[in-house]
Each structure stands twice: as C-alpha cells, then as structure tokens.
Amino acid sequence: MGQQDRLKRIIRRTAFRLKLQRVAERTATTGLLAVVTLMLGLYYLKTGVLGWSDMWVFGLIASSWIATGVVWGLTIHDAADALAARVDAACGLHNALSSALLFSAELPHAPDDQKPFMEAEIRRAANIMDQASARKAVPFQWPRDTVPLTVLLAVLVGFAAMRIPQSQARAVQPRIKRIVQPRIHIDEALIREYQEELQDLKEQAHKLKDEQLEKFLRKQQKLLDDLRRGKLSKRDFLKRYNQLMKQFGKRQEQLGRNIEKMNELLSKAGKSFEKTKLTRKLAQALEEKNMEQAAKEMQKLLHKLQTGKMTNAQKRQLRKALRKAAEVLQKHKLARQLDQALRRQEQRIKEQMQRMDKQISRAKQQARKATNPEQRKQMERRLNELKNRRRRMQQHQQRLAAQRRALQTLQRQMKQTAGQKTDPKLMAELQKLMRQMQRYQHQVARSNARSQAKMSLKDLRELLKRLRAQKPGRKGRINDFFNRARGRRGGRGGRSGRPGGGRQGGRRPGGLGPIQLQPGGTRPGGLQRGQGRNGSQGPGRPGGHKAGSRPGGDVNGRPTSLDGERHEHYVPGRQQKGPSADQVVRGAADKGFTSVNYRKLYVRYRKLQKQILQEENIPPGYRYYVRRYFKLIRPRK
Amino acid sequence: MDNAEQGDNAIKEVEAQVKAFGDDILRLTNEVGKVIVGMETVVEGAIACLLADGHALLEGVPGLGKTMLVRTLAEALSLEFSRVQFTPDLMPADILGTNVIQEDETGARRFEFQKGPVFCHILLADEINRATPKTQSALLEAMQEKSVTIANHTYVLERPFLVLATQNPLEMEGTYPLPEAQLDRFLYKLNVQFPTRDQLHTIMDRTTQSEVPSVSPVLDRTRIMELRQLVRQVPVSKHVQDYLLRILEATHPEHGPAATRKYVRYGASPRGAQGMMLGAKIRALLDGRYAVSCDDVRQVAAPSLRHRIILNFEGEAEGVATDDIITEILSEISEQA
Numbered sequence: 001m002g003q004q005d006r007l008k009r010i011i012r013r014t015a016f017r018l019k020l021q022r023v024a025e026r027t028a029t030t031g032l033l034a035v036v037t038l039m040l041g042l043y044y045l046k047t048g049v050l051g052w053s054d055m056w057v058f059g060l061i062a063s064s065w066i067a068t069g070v071v072w073g074l075t076i077h078d079a080a081d082a083l084a085a086r087v088d089a090a091c092g093l094h095n096a097l098s099s100a101l102l103f104s105a106e107l108p109h110a111p112d113d114q115k116p117f118m119e120a121e122i123r124r125a126a127n128i129m130d131q132a133s134a135r136k137a138v139p140f141q142w143p144r145d146t147v148p149l150t151v152l153l154a155v156l157v158g159f160a161a162m163r164i165p166q167s168q169a170r171a172v173q174p175r176i177k178r179i180v181q182p183r184i185h186i187d188e189a190l191i192r193e194y195q196e197e198l199q200d201l202k203e204q205a206h207k208l209k210d211e212q213l214e215k216f217l218r219k220q221q222k223l224l225d226d227l228r229r230g231k232l233s234k235r236d237f238l239k240r241y242n243q244l245m246k247q248f249g250k251r252q253e254q255l256g257r258n259i260e261k262m263n264e265l266l267s268k269a270g271k272s273f274e275k276t277k278l279t280r281k282l283a284q285a286l287e288e289k290n291m292e293q294a295a296k297e298m299q300k301l302l303h304k305l306q307t308g309k310m311t312n313a314q315k316r317q318l319r320k321a322l323r324k325a326a327e328v329l330q331k332h333k334l335a336r337q338l339d340q341a342l343r344r345q346e347q348r349i350k351e352q353m354q355r356m357d358k359q360i361s362r363a364k365q366q367a368r369k370a371t372n373p374e375q376r377k378q379m380e381r382r383l384n385e386l387k388n389r390r391r392r393m394q395q396h397q398q399r400l401a402a403q404r405r406a407l408q409t410l411q412r413q414m415k416q417t418a419g420q421k422t423d424p425k426l427m428a429e430l431q432k433l434m435r436q437m438q439r440y441q442h443q444v445a446r447s448n449a450r451s452q453a454k455m456s457l458k459d460l461r462e463l464l465k466r467l468r469a470q471k472p473g474r475k476g477r478i479n480d481f482f483n484r485a486r487g488r489r490g491g492r493g494g495r496s497g498r499p500g501g502g503r504q505g506g507r508r509p510g511g512l513g514p515i516q517l518q519p520g521g522t523r524p525g526g527l528q529r530g531q532g533r534n535g536s537q538g539p540g541r542p543g544g545h546k547a548g549s550r551p552g553g554d555v556n557g558r559p560t561s562l563d564g565e566r567h568e569h570y571v572p573g574r575q576q577k578g579p580s581a582d583q584v585v586r587g588a589a590d591k592g593f594t595s596v597n598y599r600k601l602y603v604r605y606r607k608l609q610k611q612i613l614q615e616e617n618i619p620p621g622y623r624y625y626v627r628r629y630f631k632l633i634r635p636r637k
Numbered sequence: 638m639d640n641a642e643q644g645d646n647a648i649k650e651v652e653a654q655v656k657a658f659g660d661d662i663l664r665l666t667n668e669v670g671k672v673i674v675g676m677e678t679v680v681e682g683a684i685a686c687l688l689a690d691g692h693a694l695l696e697g698v699p700g701l702g703k704t705m706l707v708r709t710l711a712e713a714l715s716l717e718f719s720r721v722q723f724t725p726d727l728m729p730a731d732i733l734g735t736n737v738i739q740e741d742e743t744g745a746r747r748f749e750f751q752k753g754p755v756f757c758h759i760l761l762a763d764e765i766n767r768a769t770p771k772t773q774s775a776l777l778e779a780m781q782e783k784s785v786t787i788a789n790h791t792y793v794l795e796r797p798f799l800v801l802a803t804q805n806p807l808e809m810e811g812t813y814p815l816p817e818a819q820l821d822r823f824l825y826k827l828n829v830q831f832p833t834r835d836q837l838h839t840i841m842d843r844t845t846q847s848e849v850p851s852v853s854p855v856l857d858r859t860r861i862m863e864l865r866q867l868v869r870q871v872p873v874s875k876h877v878q879d880y881l882l883r884i885l886e887a888t889h890p891e892h893g894p895a896a897t898r899k900y901v902r903y904g905a906s907p908r909g910a911q912g913m914m915l916g917a918k919i920r921a922l923l924d925g926r927y928a929v930s931c932d933d934v935r936q937v938a939a940p941s942l943r944h945r946i947i948l949n950f951e952g953e954a955e956g957v958a959t960d961d962i963i964t965e966i967l968s969e970i971s972e973q974a
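Chains as they are written, first to last, in the numbering used here: chain R, 1 to 637; chain W, 638 to 974.
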C-alpha cells in the first residue's frame, strides 16, 4: 500500500504541475487578447473618442479574457494512467508506473498465467519508483506566447506614456478612407450600340425641341465618352448615373404613367370609330396607341372632306363616331379617374411649391444676415439650388396642367366637331381636332423619348454590371463563338447552352438550322424559343431567361416531355395578304455563318429587336441578354 | 504455504523464467555471432519470428550472408534445415513433395508420398520472388496453415516451422513480386544492410583463413516451444495496446498524418498489429521486463509494418520508403491518447 501511495503522490504532483503550466499557457494566450483590448481602449481615450468614464468596459473585457484563460486551463483534466505514462516517458521507466497502475486494478480479473507477470511488473515499478520525478515529467517552461505578450505589453506601456496634443486629438480619429477604385476599361465594340442609340435619341430630342432631354443626353454622352477613355471607376460611374437618373426620376415616371392612362382612354374612345370603314384605320391606330398614325389618319379624313370624296352618309357616321368618342372621353370611369389623379398631382406639386417658397424666403434672409463671406457664399449656393428645384417643380406642374388640358381639349374638340352641320365648319373643326391630336402626339413622343433615354442609361449600367460579373473564361467562350462564326475552327459542340435549362432556347439558338418565316406573321418563326439544333426541342422548359454557360451533355437535345397536363390549340394562319416572307438561310453551321443572305435577314431581325425593346416593358437584365444575343449573331465582314 | 508466499514464489519463478529467456537468447545470438558478423537487427528479427511463430522476409543484395545466417541459426538451434533456391521453373511439388509409385519386395506397386523440402523446421526460400505465383502460393499456404495438403491428404508440419525467405531488391527482371496478401503473411520484413568497414574486416578474417568457425547447438526444439509459450504470457497494459493500435491506424490514409495521407494507398492489416504485439513482448522479455512498454512497440514497428504499407502512385513515383512513413507516424503519434 505504501508503494501505491507513493505512486499516487507522484501522480498528484504531476497533475498539479501540469495544470499550473496549462493555466499559464492559456492565460498567456488570452492575455494577448486582453492587452489588445486595453490598447484599443487607450487609443479611443487618447484620441478623445471616449472618456475615462467609458474605460471600465475595456477593463472588464480584458479581465474577462484573463479569467477565460484561467478557467480554460483549470477545466482540462488528465487521467491518472496518462499522467503515469508521462512520468514513465520523461524518466525512461519503460511504462513501468503506468502499467503497474493499470495492472493493480486489473489483477483480480487477469488470466492466471499472466498474474505472476503483472505482479512482477508491479514489484519492478516499486523498485524503480525512486527514479520517478514529477519535475522531470512536467519541467517548467515559459508559455509559448510569452514573447508576443511581452512585446504587446511594452507597446501598451509606450502608448500609455505617449502624449497626444489635445488640438490634434480629433484629427486622428478613425476615418474611413476612400478606397481607390479600379478604372472600368470597356471595349469600344460593346458600347457602340449605345452610342448609336444615343445619337438617334439626340436627333429625336432636337426634333421634339425638348431641351431638358437634350441636356440629359449631353450628360449621358459625356458619361459614355469618359467610359470609353477609361476615366471612370465603378464608384464614379454610379455617382454620375444616380445624378442623371435623379433628373428623370419619379416626376418623369408620373408623367409617363399619365400618358399611358391617357392612351388607354383614347384607345377605348377609338372603338367608336371601328364601326365604319372610313374611320376603321383611325380606330386601329388608337387601339394600338400609335398617336402619330392616328394624327395621320385624321389628316386623311380631312383631306377626303376637303376634296369632296366623303359622302353625306359617311359624314354622318363620322359625326356620330366623334360624338360617341367625346362621350367616352368625358364619361368613362377611366376618364374620371385620370382627371382626378391629374388634379391631385397638381395640388400636391402646388403645396410642395408653397413649402419651397417658404424655404427660399428663409434662405434669402439667412444669406442677407450672414456676415462671414464664406458662409454667405454657402447660403447663396443653397438658395440657387432651392430656386432650381422650384423651377423644376414649376415645369412639372405646367406639364401636368398641359396633360389635363390636352385631354379636355381633345374631348371638347371632338364634341364640337360632331356638332357641326355644314361642311366648311366641319372641316374647320376637324382641322382643329387634327392639330390638337398632333399636339398630344408630340407630348406622347416626348414622354417616350425620355423613357427611352432613361432605359438606355439603365441598359448601360446593366452592361457594366454584367461585365464585372464576367469570369475570365467568358471572354474565351465569346471569342470561340466569334471564331466559329468566322469559320476559323471547329465548334465545341453544345457549348452555348446549359443542360436542362432550355434557357436560351434549348441548346442552341434556332438560327443554326434552316430558318423559316411564318406567312402572315409579323415575327419570324426562326426565333421561337425552346428550339434546339435542327429544330429539336431542348430538354428543359423552353423560354428561360438566362443564357447558357456550360456545355450540355446531350448535344442533340432530348424531346420535350409531354406527360404533363396541357391544352392543345390549333391556330390557323390568316388567309390574307400581309407582310410575309418565306426564306431559307443556307449556312454551314460547322464552318461558319453565311454572309449575304444572313446579313439581310439580320437587318430585318434587328429592326424588330429594336422595336420590341422600345415598346415593351422589359427588365434591364433581360434587355441585356436580348442585346447581347443580337450582338453575338451580328454578321461579320 | 499461505497466499502471499505462493504469490511471492510465483513472482520469483517468473523472474527466473524471464532471466533464463534472456540468457538463452543471448547464448543463441552469441553462437550465431561466431559466424555472422554484424546483422544484429536481422538476427534478432529472425529469432523473434521463431519465437512468435511467424516467418521473416529478408531483403538484401546478394552476398550479404543471408543464407549463411539462416543456416547458422538452424545449426545453433539444432533444428532441421532446408534450402530451396526459387527459380521460374520450380513447381509446387518440388517444395511440398509428391506421390511417387514405389515397388515393394513383392513387386506390388503403390503410391508413396515423398516429402519435399518444406518438411523441416527452418526453411530458407532463397530468392522467393523468382518463382511463379503458383509455386509461391504453395509455400505461402504451408506458412499460414502449417500443413500441406496433397491428394486429399493433409500432412501437418512439425513445430517450430520457420520460413526465412529472401529477395533481391535490385534485379527485378524476370521476377514475380509477391502480392500484398502474401507479403502480409510474413511477420517481419528485415532489411539486410551492407556491413560496415570494421565488420568487413572481421568477415575477411573469418572467411579467408583455414580455420572456419563452427557453431554448436545451444537450444533444442523443446526449449524453443517453452520460450514461445512464455512470450505469449507477457501482459500488455491497455494504454500501451492503445498506442500500438493508434500506430496501426495511422498507417491508413484515413487516419494517418500528412505523409500517410499523401503517399499511402492502403495501410497495414490487423496482422501487422499482431506482429508488433508479439515482437514487443519478445523485446520486453529480452530487456528483462515483465510487461510491454511503448518503447518496445516503437522498436518493432518498422519490421512489422514496412511490408504491409502499400504506397500509392505518388509515393512510388517520388521513391518514398515505407520506413520513412513509419518514422513519420512514430513521431506524430503521442503515447498519450
């Protein structure tokens, strides 16, 4: 028993030393964090961000770190046999102590032939126990983090001793530095399309005499030029983009929405003209919300009236249609809603202008009172800014009033024209109505041009966003596509589509197979979505919204599963003359695209693409892909 | 006699047995040392295989005294010794034996089994990798089962049965390398190193003079069987056994250190652990101790595991030795779990 007690004493001593060492080790590690915490507190104190009264928090955190280290070290326990093995290893006892410890516990249950061996080993351990030493097993050693802890402590003391002049205390407060943004380098070819579009819009703005739009386009042009020269960073671009968008912000959208509603109302009123053959085209133009065409149709009616080609019955029908249309414009639910909305908007802008007037007069007084020249300058700048804002509000109010007036005038004029009994008077009033229609068409065109300009800018932003998101491999794939288009090398089968997605029209654009235009249709059938190579359907649902980015497994595409619930409709083609074409583009897809025929076809498709992008409300992300797709399939010289 | 006295006597008896074990083995090694110069590790390994009821694979270039070692060992143990030089045309029957027609005095003919060289106590399978896999497997079956089956008749080999196979690591042309499953049946793989200058001097002196040293038997078959029994009685504490098993696990890429993960395809089998354990017990007894220590395990790890670790392509391409991986494992695995 005496030997066992000795063994236990050695193990206890080893355990104590080991625990002590662990506590020191862990405390040194957490002490590093404590010192860093104190340094942070000292930094804030020295720089005047925090006062002495706030320092207790840092003291508490630092103490918590140290306490954590101590608890961490204390909570680790070692088994007795592990400690004995440690003593064995340190003192070269060949596991005598640890084996003896375990054997003494196992002895009653051990096999008979092994018992004498175990007892012999226990006796051997007792004989060599004098060689065991807890100090050897756990020799003193400095914690690993002693050096960094000492260095940090020295820095802390040095920092505490350093005096910072009070006058400069605020200057060294932590500030967020401006991050240097890399410049955006953009390929000329990529923004050529935007440049062309901008040019068109400029011409349109000049024609419409919309100065504000012209100014906006000039700024947009400058932005585009700076992009080309690689002068802009992402931050700069977004800053200028936001500034530009603010100009055509919510108010412009409000005007656009009003125009849309007015068009809707006119389209409803236009149904009154459907009944007679004479005014059917006018009805169609109004239904399609094509106000330019509507004005032209009215001019044709006037011409017929002037040349005496209109019969009395037709004149009666015209008067009746005009009367009905005037009634719709006056009494339709939408007309009342629109009128109320316009009045509300005008009222709101009036109130805003009144508030603005007060602000301006206050700013004027402050500017007068200011004694400091710099302060006065600042106040004047503020005053100018307020005046500009007020001016813009006034313009908006005028436009709202013009919109309301336009609708009222149209309605009044239609009614007045319908009431004329004699030809000369009918002619004169119809002419006035036509002018009124032209004025309204001008408003619509201006609103459309503004929306287009705004959309074009959004598209540019989308392009830049996509460019940044592009991975290095993308460029390679685009080049590969171009190379294939030029017939320089063989294609990588099915590279352009993602399997299963059917997102870019199955695996490949349908343009690779023979393209046929459907007779009687306005859109070419060759662009139908979901069409795979050689006309086979892609495996996924057709009509996805994203381009493929990796090769598909099954190049030919699997047939579309028809298991789901579906409704089949037979749509017969219209048996009439119309803009139709039936053309086969012969091209060797493996070697490259065709040149002559394909170019002609592309021009037609491109027009359709532009038209759709202008007319339809398509999100910028989708617009980007449409533009990119047409850019990719553009024929090369 | 009371219990305490009985216990005391038992301890004394064990102490005496262990001392006698050490003395016997020392006498044996000294006797072998009369002829064999150096090669202490190999001699000790071969003796360990004998005592652990295993077999050893000796790898070394020709002329290092492998055959001489085995022959000397057999002479010192007064056991029957056979030597088979493995060649590509060697057939299983050449090793195991075959039934031949014998004519007795009356003229009647009958089949009689003619024992092959495998029926001995110590068999030297020289250049084992030169024989075809068929012949190799015939021997390896005998090694594992300690019996030979011919024509539906099983012949049990007399114990102790020790096979010491040799192979040349250089000349690989026209050889049939032993498959992993067969390598696994050797308890130890011992690398025979080139002797040092001093050892070469001694070899020259001993082999080129007229007087050739002779060996006299120091242990007989009965004593060897007693020693084998004693080896298996040595106890092992749990933590030492755990350490041994952790070493074994570390030879597997799933559990091992970085070197294992990088270069090893398959680790050692449980036979490797058995080999280590028996080897460690023998080492403890040789050291005069009554229980196995972690040091013993470390010492026997390399011969027990080196032929059981299978390198992957990367390991083979980079010429990594399994001994290096074992060294890495031993340095990584701590005695404390």
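Source of the hints: derived by calculation from the structure; they are not laboratory data. For each residue, glycine too, the CB sits at the ideal point set by N, CA and C. Just so you know, not all the hints are guaranteed correct.
As the list claims (entries may be wrong) - When the alpha-carbon atoms are kept at most 30 Å apart in a straight line, the in silico DSS-like pairs for lysine-lysine are as follows:
id, chain 1, residue 1, chain 2, residue 2
1, R, K222, R, K458
2, R, K300, R, K315
3, R, K377, R, K358
4, R, K8, W, K899
5, R, K324, R, K234
6, R, K222, R, K246
7, R, K315, R, K246
8, R, K8, R, K215
9, W, K875, R, K19
10, W, K783, R, K136
11, R, K296, R, K277
12, W, K875, R, K8
Stated by the list, open to error - Non-contacting residues of chain R with respect to chain W, defined by C-beta distances greater than 10 Å in every case (computed):
id, residue
13, L102
14, I184
15, N388
Results of checking the hints against the structure:
1. Straight-line distance between C-alpha atoms of K222 (chain R) and K458 (chain R) comes to about 16 Å, which keeps the hinted pair within the 30 Å bound.
2. Between the alpha carbons of K300 (chain R) and K315 (chain R) the distance comes to roughly 14 Å, so the proposed pair stays at or under 30 Å and holds.
3. With a CA separation close to 20 Å, the supplied pair K377 (chain R) and K358 (chain R) stays within the 30 Å bound.
4. Taken as a hint, the K8 (chain R) and K899 (chain W) pair is broken in the structure, with Cα atoms around 43 Å apart against an allowance of 30 Å.
5. This hinted pair does not check out: K324 (chain R) and K234 (chain R) have alpha carbons roughly 56 Å apart, beyond 30 Å.
6. Restraint check for K222 (chain R) and K246 (chain R): satisfied, since their Cα atoms lie roughly 17 Å apart, inside the 30 Å limit.
7. Taking the CA atoms of K315 (chain R) and K246 (chain R), the gap is near 50 Å; set against the 30 Å cutoff, the hint is violated.
8. Simply put, K8 (chain R) and K215 (chain R) have alpha-carbon atoms about 93 Å apart, too far for the 30 Å limit, and the pair is violated.
9. With a C-alpha separation of about 24 Å, the suggested pairing of K875 (chain W) with K19 (chain R) holds against the 30 Å cut-off.
10. With a CA separation close to 50 Å, the supplied pair K783 (chain W) and K136 (chain R) exceeds the 30 Å bound.
11. Of the pairs offered as hints, the one joining K296 (chain R) and K277 (chain R) holds, with about 16 Å between alpha carbons and a cut-off of 30 Å not exceeded.
12. Taking the CA atoms of K875 (chain W) and K8 (chain R), the gap is near 19 Å; set against the 30 Å cutoff, the hint holds.
13. Residue-level check failed: L102 (chain R) sits 4 Å from the nearest beta carbon of chain W, not beyond 10 Å.
14. At the 10 Å boundary, the C-beta of I184 (chain R) stays outside the reach of chain W, the nearest C-beta of that chain being 44 Å off.
15. For N388 (chain R), the requirement that its beta carbon stay farther than 10 Å from each beta carbon of chain W is met, with the minimum near 70 Å.
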